[in-house]
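Chains as they are written, first to last, in our numbering: chain A, 1 to 192; chain B, 1001 to 1116.
Treat the hints loosely; a few may be bogus.
Claimed, not checked - Quick look at which bits of chain B chain A covers, simulated, 3 or more residues with Cβ under 8 Å:
1. 1009 to 1015
2. 1021 to 1027
3. 1089 to 1095
To be verified - Residues of chain A clear of chain B, computed beta-carbon distances all greater than 12 Å:
4. R16
5. E30
6. Q38
7. T39
8. L44
9. L94
10. S162
11. T188
None of these hints come from the bench; they were simulated from the model. Positions of the beta carbon are idealized from the N, C-alpha and C atoms, including for glycine.
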Amino acid sequence: MRLSYTRVVFLRPLPRAREPALGLLVTIAEFAPSHVTQTTLPLLFVSLPDRAPPRDAQAERIRCWRTLDSLSRLCKQADLFETLVVRLLTKLDLVCVPPADDALAQDETDIEPRAAYAHSILRTMADVLAAKVAAGHTDVTKYADRLVPRIFNLFIYAALVSNGRYMAATDPRLVSVASQIVTLVVQTLSPQ
Amino acid sequence: MTPHLVKLFLDPDEVGNRAATLHLLSDLIASARDSTSKDPEVLPTEGDVPLSPYKDEVLGVLTVGLKTPSSTQPALDGLKGVVTTPGLLTDEELGFVVHNVNELLQKDGDESEDTR
Chain A
1 MRLSYTRVVF LRPLPRAREP ALGLLVTIAE FAPSHVTQTT LPLLFVSLPD RAPPRDAQAE
61 RIRCWRTLDS LSRLCKQADL FETLVVRLLT KLDLVCVPPA DDALAQDETD IEPRAAYAHS
121 ILRTMADVLA AKVAAGHTDV TKYADRLVPR IFNLFIYAAL VSNGRYMAAT DPRLVSVASQ
181 IVTLVVQTLS PQ
Chain B
1001 MTPHLVKLFL DPDEVGNRAA TLHLLSDLIA SARDSTSKDP EVLPTEGDVP LSPYKDEVLG
1061 VLTVGLKTPS STQPALDGLK GVVTTPGLLT DEELGFVVHN VNELLQKDGD ESEDTR
């Protein structure tokens, strides 16, 4: 994908507009989440690829990071967060578990970008969860039986099929951020 | 005051002052909102909401303001005031605001990629 380098910087909208624009959507989502869920979120998700951007695809990696950053600022409200979790878990499955006969899966140079992408996705979920827990959102507890087992399964499955190879999902940094997520959710459960 | 500001914004000779005009407008919107009943449970009846007679024009200039970099910020401030004014916007109008903000986000994303 060729990039054009000729666009003059001051002709584009100030990147600073992004934050207040997202802030306005967060405000609207507090009392009317359906518009944001049905229009804004799909636009953001469609620009998240199903496979990790290759190491040398600078523009694509920046776009991914920016999209995940926007999602993490936007999705604290309950309905938006629910959509975020569903869509990000699906992406994670696609990224972490390559098809068994995929030749790329054998390519070691593909693994690190895949781990980095998976890590960013998990990091996004963890950051929003941490913000929700800090704000006392009560919907966090319902993710105990949804998010936690899904994440465990992902790692267990990856470990089982790895056959000793290094796989994206067995990367220690991923395990670390996943355990943060589990801790955040489980902490909100009342002791039985 | 509001119709005057709207007219000022639309005046071709005052295009350079659009950002300033929208700053004033967004302050006005916020003041109007804050001067109404503080009880969030009670929605004002239609027509009692300040600015409702000028709603269409105000939404119009704010969405135009979004599209130019220099006036994007005051336009966003004005829209925030409008959406947080209880009983002012219909659900459809809220959808219209979201649609315009989505366009802004898309444009920001597309154009940023082209720069080095």
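Checked hints:
{"no.": "1", "hint": "1009 to 1015", "result": "violated (count 0)"}
{"no.": "2", "hint": "1021 to 1027", "result": "violated (count 0)"}
{"no.": "3", "hint": "1089 to 1095", "result": "holds (count 3)"}
{"no.": "4", "hint": "R16", "result": "8 Å, violated"}
{"no.": "5", "hint": "E30", "result": "9 Å, violated"}
{"no.": "6", "hint": "Q38", "result": "9 Å, violated"}
{"no.": "7", "hint": "T39", "result": "6 Å, violated"}
{"no.": "8", "hint": "L44", "result": "8 Å, violated"}
{"no.": "9", "hint": "L94", "result": "22 Å, holds"}
{"no.": "10", "hint": "S162", "result": "35 Å, holds"}
{"no.": "11", "hint": "T188", "result": "27 Å, holds"}
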